[in-house]
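**Student:** Listed here are the chains, written in short residue letters.
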Amino acid sequence: MRFLNMLPQLLGVSFLAMGLGLLLMGLGRQFTARLQRRVGPPFYQAYLDVLKCFSKTSITHGFVMDLGTIMSLAGLIATAYYVPFVQWTPTGSGSLVIILYLMTIGYLGMAMGVSASGNPQAPLGIARALALMFGYKVPLVMVILAMIVVTGSSDLLAIANAQQGGPSNWFLLKFPIGFVAVEIAFQAMIGERPYDMMIAPAEIASGPMVELSGKYLGLAFLLHSVQLYVETALIVNLFLGGAANPATFFGKQVLVYLTSMAVNAVMARYRIEQGIAHLWKWAGSLAFIQLLTTKGGF
Amino acid sequence: MEDAVLFNLRDERQSAWESVLNYFRKRSMWMLYYCTGCGAIELPPSMTSRYDMERFGMGPMATPRQADLLLITGYLSVKTLKRVIRSYEQMQEPKYVVGFGSCPINGGIYWDAYPVINHLELFIPVDMSIAGCMPRPQAVLDAFQKLMDEIQAGKAVGYKRYRKHLDWYKRNQDAVLARTEAVLEPWEDPFSDAALVESLWNDAPAEVKEMREVRHDA
Numbered sequence: 001m002r003f004l005n006m007l008p009q010l011l012g013v014s015f016l017a018m019g020l021g022l023l024l025m026g027l028g029r030q031f032t033a034r035l036q037r038r039v040g041p042p043f044y045q046a047y048l049d050v051l052k053c054f055s056k057t058s059i060t061h062g063f064v065m066d067l068g069t070i071m072s073l074a075g076l077i078a079t080a081y082y083v084p085f086v087q088w089t090p091t092g093s094g095s096l097v098i099i100l101y102l103m104t105i106g107y108l109g110m111a112m113g114v115s116a117s118g119n120p121q122a123p124l125g126i127a128r129a130l131a132l133m134f135g136y137k138v139p140l141v142m143v144i145l146a147m148i149v150v151t152g153s154s155d156l157l158a159i160a161n162a163q164q165g166g167p168s169n170w171f172l173l174k175f176p177i178g179f180v181a182v183e184i185a186f187q188a189m190i191g192e193r194p195y196d197m198m199i200a201p202a203e204i205a206s207g208p209m210v211e212l213s214g215k216y217l218g219l220a221f222l223l224h225s226v227q228l229y230v231e232t233a234l235i236v237n238l239f240l241g242g243a244a245n246p247a248t249f250f251g252k253q254v255l256v257y258l259t260s261m262a263v264n265a266v267m268a269r270y271r272i273e274q275g276i277a278h279l280w281k282w283a284g285s286l287a288f289i290q291l292l293t294t295k296g297g298f
Numbered sequence: 001m002e003d004a005v006l007f008n009l010r011d012e013r014q015s016a017w018e019s020v021l022n023y024f025r026k027r028s029m030w031m032l033y034y035c036t037g038c039g040a041i042e043l044p045p046s047m048t049s050r051y052d053m054e055r056f057g058m059g060p061m062a063t064p065r066q067a068d069l070l071l072i073t074g075y076l077s078v079k080t081l082k083r084v085i086r087s088y089e090q091m092q093e094p095k096y097v098v099g100f101g102s103c104p105i106n107g108g109i110y111w112d113a114y115p116v117i118n119h120l121e122l123f124i125p126v127d128m129s130i131a132g133c134m135p136r137p138q139a140v141l142d143a144f145q146k147l148m149d150e151i152q153a154g155k156a157v158g159y160k161r162y163r164k165h166l167d168w169y170k171r172n173q174d175a176v177l178a179r180t181e182a183v184l185e186p187w188e189d190p191f192s193d194a195a196l197v198e199s200l201w202n203d204a205p206a207e208v209k210e211m212r213e214v215r216h217d218a
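Sequence order for the protein chains is W and C. Under my numbering, the first residue of the first sequence carries the number 1, and numbering increases by one thereafter. Under my numbering, the first residue of the second sequence carries the number 1, and numbering increases by one thereafter.
No lab work stands behind these hints: they were computed from the structure. This one's a predicted model, so the numbers in the text were calculated from it and none came from an experiment. Take the hints with a grain of salt, since some may be wrong.
Quick list of simulated restraints, FRET-style, between CB atoms [to be verified]:
{"no.": "1", "chain 1": "W", "residue 1": "63", "chain 2": "C", "residue 2": "112", "range": "32 to 38 Å"}
{"no.": "2", "chain 1": "C", "residue 1": "113", "chain 2": "W", "residue 2": "15", "range": "53 to 59 Å"}
{"no.": "3", "chain 1": "W", "residue 1": "101", "chain 2": "C", "residue 2": "82", "range": "45 to 51 Å"}
{"no.": "4", "chain 1": "W", "residue 1": "2", "chain 2": "C", "residue 2": "35", "range": "55 to 61 Å"}
{"no.": "5", "chain 1": "C", "residue 1": "16", "chain 2": "W", "residue 2": "282", "range": "53 to 59 Å"}
{"no.": "6", "chain 1": "C", "residue 1": "35", "chain 2": "W", "residue 2": "6", "range": "48 to 54 Å"}
{"no.": "7", "chain 1": "W", "residue 1": "134", "chain 2": "C", "residue 2": "200", "range": "54 to 60 Å"}
{"no.": "8", "chain 1": "W", "residue 1": "36", "chain 2": "C", "residue 2": "16", "range": "34 to 40 Å"}
{"no.": "9", "chain 1": "C", "residue 1": "152", "chain 2": "W", "residue 2": "176", "range": "50 to 56 Å"}
{"no.": "10", "chain 1": "C", "residue 1": "77", "chain 2": "W", "residue 2": "7", "range": "58 to 64 Å"}
Listed below are the simulated EDC-like cross-link pairs for lysine to aspartate or glutamate, each with C-alpha atoms no more than 20 Å apart in a straight line [stated by the list, open to error]:
{"no.": "11", "chain 1": "W", "residue 1": "215", "chain 2": "C", "residue 2": "93"}
{"no.": "12", "chain 1": "C", "residue 1": "82", "chain 2": "C", "residue 2": "149"}
{"no.": "13", "chain 1": "C", "residue 1": "170", "chain 2": "C", "residue 2": "203"}
{"no.": "14", "chain 1": "W", "residue 1": "137", "chain 2": "W", "residue 2": "183"}
{"no.": "15", "chain 1": "C", "residue 1": "160", "chain 2": "C", "residue 2": "210"}
{"no.": "16", "chain 1": "C", "residue 1": "146", "chain 2": "C", "residue 2": "18"}
{"no.": "17", "chain 1": "W", "residue 1": "215", "chain 2": "C", "residue 2": "18"}
{"no.": "18", "chain 1": "W", "residue 1": "215", "chain 2": "C", "residue 2": "89"}
{"no.": "19", "chain 1": "C", "residue 1": "155", "chain 2": "C", "residue 2": "142"}
Where is the CB? At the ideal position from N, CA and C, for every residue including glycine.
Construct the entire structure; sequences and hints are all you get.
**Tutor:** Given below as structure tokens:
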């Protein structure tokens, strides 16, 4: 019964996450185009792409592929239910443990689905994505630990609430070193250059997406859009103090994403071992310094 | 098989729903470029800052599964034709083929070379051909604009022709792919013989022939 009561809110957040994520993708592409002095696609290009993908025929490689694709999207949408949007989550909780746990399900679902396609490039891309996950989860969790120590709560709602009252209270100023570490990790989380080795179109033929056609590719686009929404919202809540109204919140998300796209536009791709070494060496040590210097961290 | 074909041809006249879908299809064409010929060199300027293809929603894709648009950028040999057909059949419908330059139209300057395929249209349906040797990026973008108009009007239906007249296309493909078998003796090239090509065109289905005439008039 409680689930039925929550259903409209859950559906609303699902569509909000997909819609805002696709808008972010479109804005990011246009931003990159402007950096390269191009006109670029319209900001609603990502919506056109997804609708086109769903209008095509598609090939499945068995039940596991269907299940994995749906599971990955479901996993990330479930994460979106715990990430606060303007100090509110449909589930009433913003537990960071659940968020970090559910986010992984998205990747594992994708791994299961695309590996079932039988194309050797797909498991190769997935292996790279999962290896990279070791690289960025460690610094991310270390910074989050420092925040939990300071605020005394592992609830993202409480962490965002602790930053109320203007930019001077933002954790961006309280945890500046940790912010840099998480920004580096964020670059790897959304798979932008220099950490785009799991996609690598010219190298492993777009990795996990190699056998995805038509509607499956559309689902993969939606997956990426929800991922963008969740991860930018995570950073906005952790460092930029959440927001009092939806427009400010989305504005901050756009700011976080465009910063990442600006780095993406000027960097080349790391090899997989360089990427993980870089993440552990730089993001990891910065996060560790943050944890050490936090009062009560040790 | 018969039923499947009929089912897909049932809606050949464009419904309102189809024309809505066609809007998305024309605004988001993802390309797979088959870079065997010199036309590939015209694509980087078309895609990058100078001519910026992405403003029409077009972009490169890594595999045939993901792509909507197959670009045959230049001449095709017997061996590459085999791969083109395989890539084309892996693509998901709706799919479009654009032939770059003179070579896919009539062989271009390689028309009398022993391994070169002169008429791409005999083997897979071509939705748009760009004449020139090579066409400049302006011509390429112009052709893509025209293709977008045709998609919106529901005229770019090469993939439906391919389904409907599969027998004819397969027979032509088999005739030429037989030549990829190892041969120890010199042989007469059947496809450089203009009379033979003309005879293949003579038993072409009316629809395919019509498309060829339209193209030649334009």
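**Student:** Look at each hint and say if it fits the structure.
**Tutor:** Here is how each hint holds up against the structure:
1. W:63 / C:112: 32 to 38 Å: 53 Å, violated
2. C:113 / W:15: 53 to 59 Å: 57 Å, holds
3. W:101 / C:82: 45 to 51 Å: 49 Å, holds
4. W:2 / C:35: 55 to 61 Å: Given about 57 Å between the Cβ atoms, the range holds.
5. C:16 / W:282: 53 to 59 Å: Given a distance of about 56 Å, which is inside 53 to 59 Å, the answer is holds.
6. C:35 / W:6: 48 to 54 Å: 52 Å, holds
7. W:134 / C:200: 54 to 60 Å: Cβ of residue 134 of chain W to Cβ of residue 200 of chain C: about 59 Å, so the range 54 to 60 Å holds.
8. W:36 / C:16: 34 to 40 Å: With Cβ atoms ~38 Å apart, the hint holds.
9. C:152 / W:176: 50 to 56 Å: 52 Å, holds
10. C:77 / W:7: 58 to 64 Å: At roughly 59 Å between Cβ atoms, residue 7 of chain W and residue 77 of chain C fall inside 58 to 64 Å, so the hint holds.
11. W:215 / C:93: Within the cut-off at roughly 11 Å; holds.
12. C:82 / C:149: Roughly 30 Å separates the two Cα atoms, so the pair is violated.
13. C:170 / C:203: 13 Å, holds
14. W:137 / W:183: 12 Å, holds
15. C:160 / C:210: At roughly 15 Å apart (the allowed maximum being 20 Å), residue 210 of chain C and residue 160 of chain C satisfy the hint.
16. C:146 / C:18: 19 Å, holds
17. W:215 / C:18: 17 Å, holds
18. W:215 / C:89: 18 Å, holds
19. C:155 / C:142: 17 Å, holds
Checked against the numbered hints given earlier, the structure breaks hints 1, 12 and satisfies all the rest.
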